[in-house]
Amino acid sequence: MDRGQLIETMQEILGPEGVIHKHEELRTYECDGLMNYRVIPDLVVLPESAEQVQQIVKTCYDEGLPFVARGSGTGLSGGALPVESGVLIVLTRMRRILEVDIPNGRVVVEPGVINVWVSQEVAGEGYYYAPDPASQVVSSIGGNLAENSGGVHCLKYGFTTNHVMGAEVVLPDGSVVHIGGGKSPDAPGYELLGAFVGSEGTLGIATKITLRILRQPEAVRTLLAAFKDTEEAGGAVSGIIGGGILPAAIEMMDALTIQAVEKQVSPGFPEAGAILIVELDGPEAEVANQFEQVKKVCEDNNASEIRVAEDDEERALFWKGRKAAFGAMGSISNDYYVQDGVVPRTELGATLKKIAELSEEYGLRVANVFHAGDGNLHPLVLYDNDTPGEAEKAEELAAEIVFACLEHGGSLTGEHGIGRDKMKYMPQMFTAEDMDVMQLLRCAFDPHRICNPGKIFPTPRLCGERPGPFHMHPVQKAGLAENF
Amino acid sequence: MQTRNLPTEELHNIVGAQNVREASADDAIEGVEPSLVVEPGTIGETSEVMKLASHEGLAVSTRGGGTKMGLGNPPRQVDLILSTLRMDEIIEHVPGDQIVRTQAGVKLEVLQESLAGSDQLLGIDPPEEGATVGGIVAANASGPRRLRYGTVRDLIIGIKVVLADGTVAKAGGKVVKNVAGYDLSKLFTGSLGTLGVIAEANFRLHPIRESARTVFVEVDDHGQIPEVAQAFTHSSFSQFVLDALEMRWENGRGVIAALFEGIEPAVEAQSSAATELLRSYGEVNVLTRDEGDEFWDSFARRPWATGDVALKIGAPPADLTAVLDSVLGAAERAGVEARLSGHAGTGVTFAGLSGGDDGLVDVVEEVREIRVRRGGSVVVQEAPLSIKARLDVWGPTGDYLGLTRRVKEKFDPGYTMNPGRFLGGI
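Quick mapping for you: the protein sequence lines, in order, are chains Y and E. For the first sequence, our numbering gives the first residue as 6, with consecutive numbering after it. For the second sequence, our numbering gives the first residue as 5, with consecutive numbering after it.
One or more hints might be untrue.
[Unchecked claim] Derived SDA-like pairs (lysine to any residue); straight-line CA-CA distance at most 25 Å:
1. Y/301 to E/269
2. E/55 to Y/438
3. Y/161 to E/100
4. E/316 to E/235
5. Y/233 to Y/309
6. Y/213 to E/374
7. Y/63 to Y/88
8. Y/63 to E/413
9. Y/63 to E/409
10. E/111 to E/125
11. Y/213 to E/378
12. Y/161 to E/37
13. E/316 to Y/111
14. E/55 to Y/467
15. Y/429 to E/172
16. Y/161 to E/316
17. Y/300 to E/100
18. Y/301 to E/123
19. Y/161 to E/125
20. Y/213 to E/400
21. Y/213 to E/401
22. Y/301 to E/100
23. Y/300 to E/215
24. Y/161 to E/116
25. E/316 to Y/183
26. Y/161 to E/272
27. Y/213 to E/379
28. Y/300 to E/113
29. Y/161 to E/122
30. Y/161 to E/105
If you're looking for bench data, these hints aren't it; they were derived computationally from the structure. What you are looking at is a predicted structure, and each value in this text was computed from that prediction instead of being measured.
Take these sequences, add in the hints, and give me the full structure.
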């Protein structure tokens, strides 16, 4: 099938408005939220139903064409980066909330539904959807599922994977499976849903997603505490968690971040070396009691100022400052690189010290904003693209930071994913055997490697069938891939 | 009996002669007798044993505490039992990070006791005594506290496995938040030893709460149980206040019990509110932590005895009325005695059935037909072999069986691991 025939076939499935094939229009989709990688896809298709997704994927499978699924395109690891000569399947027209089932605490949605719509839909009944990535007003549930998105409240409530209970999935061969029990718990068999969530779009496309919703907490209290430096703020974090308290969120910002946020959105944060935002939620009696404990821990760690949000408006202002942190870097630097790494909470202090040393060594500023409760760091490396060599230096520094996270027992990524961006670092965290075994799963779902290829794993593996006589694939013979 | 030649000497060389013994009748899995029981002490030894077994075409069943040997179909073949009991080291517990790394053969009781020294717990509490960490992951076992903490899939953060061909691989890590690579820890959850040997598992931990209160009420109409469950689920006792909401029904009487854990003022306030809610159903009993521990030891037990047909029913929580009606109705019509228990807050119900074979098969088929139509499942947990011969223990698996089989065949192409016991005869 040549390109013209492919366009025609897709138009038959989707109608003329559902297919984008003109070069200048295709450029809109050349990257996701990570803009330093750009690839113009051969074709963009915009299905409106699961049946259309199935037909598109079946066509790709029959033609051996690679495809990539994309939601709102807010991902920060290049997970939705198109493949050259491939089809980009954009799911933004699948935006129906299909069912709200309050008695069972479930909502069924299409993948293009925006994260925050789910909570809006059930707020009147006293419920909400817990995962709240900073992008929640634009990012889609399908994208959240692919990336296993976190958010500021996942310390207490868990990640997307803990809230997705079932999915209808179009597999890379165009067949459809329903995995996870949906409304019924403990479906027999392998935990295929748990393996699918967070697979960064490499195992198939979810077309219907069953989410768990939670009762809104009886009480919410939020405070902001200012400290001399990140070390003292870190001491307070350890004190809170060590005291057996599980806050809904603990976020930290360092001096540079505070300065940028203040410039950008003026939340009126105190001048300080570090700020913590701590939020507690739950039954009134528990929240009231533990809130006093949190205040005391902050005082014991020499907090210079403690502000308590008196109402929802003030709470919203605290969070506005925090959630604006990435974007605010634009007010103090021409360019910046967003890093995402994880360390065990007890290694936070040592890791921050290492980041400061690296920053000095490279002569580039690093702003730190992070989910302190779960050790998920977001160092922002500031640089100037107009200064020759500085972009490369920034990327190198960002890599050194994430290697430091690994040295301290952590992970390459806590919520942004490996995607295209970090696959070259995977061997720092996993052995060749680890990655081979992970790719066995890939081979079971996508033996022809047409579903979002070129992501997560640095060395693509062919899915040779065993047992049987061994034939070396031409690609393998050429040393381009390893078979197993 | 096995007729094949066993590589006993090679096994001696790998794990030491004292860690290889001939299997006895007690080692049989659903009537299928293995030849040898092998107990490796390290991952390296486990890998060597698996390499040898694959090479020799031997079938291997992994065993921890042996509490779930009745789950699944009778295996097609078992030559070796690979016991994980010597791999019983708690590798790393970092209280400040609230994580633990353990070897598979650690018994849950031993782990919990050790964690309690730092006022922490692993939020997994299946009632079977002597279960190991590896076995709990492989069987996806859970208990009352799943209402608050979730199940294995929600708490496991890393895994190390040994595949049939001896390959050792890990996934995840020792931080709670981590999206690097595929989450194989979840894939292996509930895999019943058919994908590989689980050698190590890492978990997220939680603090032990300072105070606890159990509130329960007796009812004589099983229709009241779902009513109470729905009232609790949709009250202000959200899942992070209420640790467990459990039911039992036998001999025409039932009990519904709630466990609250937290700081004293919160527990006091919530249990008072719960008492108010329950008062209209009968006399409300309130137990302190110590009294509660004793109560839960017996209350959380599965409602069956050896020789019963044991069912685990998965249904939408709001379908609890229909579940109870269908089991009790079908049992009455078939002249079968039914005892029930369950996680009333999360939609898992257990049934212990005793009676004649024909009646038992009728009850399982009738209840299963309804549940499967509603997207749920009825899995036989234990049953006499005469019943297993007449029933598919796993039930219909929907449209994911083909995918399940492809996963199996990638991880274990030779069907070395626990062949036949899993769904679809995998």
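Hints and how they fare:
| no. | hint | result |
| --- | --- | --- |
| 1 | Y/301 to E/269 | 19 Å, holds |
| 2 | E/55 to Y/438 | 15 Å, holds |
| 3 | Y/161 to E/100 | 16 Å, holds |
| 4 | E/316 to E/235 | 24 Å, holds |
| 5 | Y/233 to Y/309 | 7 Å, holds |
| 6 | Y/213 to E/374 | 23 Å, holds |
| 7 | Y/63 to Y/88 | 18 Å, holds |
| 8 | Y/63 to E/413 | 23 Å, holds |
| 9 | Y/63 to E/409 | 21 Å, holds |
| 10 | E/111 to E/125 | 14 Å, holds |
| 11 | Y/213 to E/378 | 17 Å, holds |
| 12 | Y/161 to E/37 | 47 Å, violated |
| 13 | E/316 to Y/111 | 22 Å, holds |
| 14 | E/55 to Y/467 | 23 Å, holds |
| 15 | Y/429 to E/172 | 22 Å, holds |
| 16 | Y/161 to E/316 | 29 Å, violated |
| 17 | Y/300 to E/100 | 20 Å, holds |
| 18 | Y/301 to E/123 | 21 Å, holds |
| 19 | Y/161 to E/125 | 16 Å, holds |
| 20 | Y/213 to E/400 | 22 Å, holds |
| 21 | Y/213 to E/401 | 19 Å, holds |
| 22 | Y/301 to E/100 | 19 Å, holds |
| 23 | Y/300 to E/215 | 22 Å, holds |
| 24 | Y/161 to E/116 | 21 Å, holds |
| 25 | E/316 to Y/183 | 21 Å, holds |
| 26 | Y/161 to E/272 | 22 Å, holds |
| 27 | Y/213 to E/379 | 15 Å, holds |
| 28 | Y/300 to E/113 | 36 Å, violated |
| 29 | Y/161 to E/122 | 20 Å, holds |
| 30 | Y/161 to E/105 | 21 Å, holds |
Violation of the numbered hints given earlier is confined to hints 12, 16, 28; the remaining hints are satisfied by the structure.
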